[in-house]
Amino acid sequence: MRNLFAFLAGGLFGAGLLVAGMVDTTKVQGWLDVFGNWDPTLAFVMGGAVLPMVFVWRIAARRERSLLDLPMPQDLPKLVDRNLVLGSLMFGAGWGLVGLCPGPAIGALGFGGWQVALFVLAMCAGMAVAPLARRGLDQLDTENDV
Amino acid sequence: MHQDWIWGAVGGLMIGAAAALYLLANGRVLGASGILGGLIDRSGRNSTAERLSFLAGLIAIPPLLVPLYAVVDTHVTSNPVLLIVAGLLVGIGTRLANGCTSGHGVCGMSRFSLRGFVATVFYLLGGGLMLVLARHVLEVI
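As you go down the protein sequences, you meet chains A and B in turn. Residues 1 to 146 in UniProt numbering are what the first sequence spells out, letter by letter. Residues 1 to 141 in UniProt numbering are what the second sequence spells out, letter by letter.
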């Protein structure tokens, strides 16, 4: 059941990304291009997704276990640290450069040709080396502390 | 143009519904980079099947809907250097930050998570700066 619902959530997520036009890199780059022909579509997508989720989080907060009797997410650390800021800047830079973020890139694998496949491959390689980058950054911190 | 906004909002609602389903049924935060990244660095080895099922749905379902459209064009660049550089940046960046547009953006901000808002500010900033630099200054895209 757990895997079936994960499949359904993934499928609905992908369908939403396609319907919203988020697999079209010109829409994403059009949103980021404030000095060009600005495209506000992304704000409608984000708003459409965030608003219902505000209420869903309230329902979720009242539950001890999920509908499939699985644990609900833990409260998150509130820490804003260097990795969050630096990582988000790096992610944004890559996103702006070609107009793909992880969800739409994976969702477009089936029809996006070799270009999307190459991007996803490079993204997976980046994810594989990220723990090393994290350790390297932490090491810099301890050296600077001395 | 107006139609784009409407379809954007409809698609956004579907994305929100997917996040709601994953949260309420599976007790999970829907974040594309975390679901994939946890498989790659093995940090999510306790939920491998769930992650693979999510990715299978995400990969398999959109192509089934593509025939409903006259054209679905990603308009993605064919420059392999740009694709590789951008992919590496997105891969490392989302794992350092622990989230992307879905995890920090959709699920984090709707939860009023400070980290979600901060991440969203900085990935929008990074994206805007890179786009202006690459398109209007260096003119490589």
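Don't read these hints as lab results, they were simulated from the structure. Just so it is clear, CB atoms sit at the ideal spot from N, CA and C, and this is done for glycine as well. Mixed in with the good hints there might be a few duds.
Stated by the list, open to error - Cβ-Cβ distance ranges computed for the label pairs, FRET-style: (1) A:R82 x B:V10: 35 to 41 Å; (2) B:S43 x A:L68: 19 to 25 Å; (3) A:G113 x B:H136: 48 to 54 Å; (4) B:E139 x A:M1: 49 to 55 Å; (5) A:L121 x B:V121: 44 to 50 Å.
Quiz item: What hint numbers does the structure not satisfy?
Solution: Of the numbered hints given earlier, those the structure breaks are 3, 5, listed in rising order.
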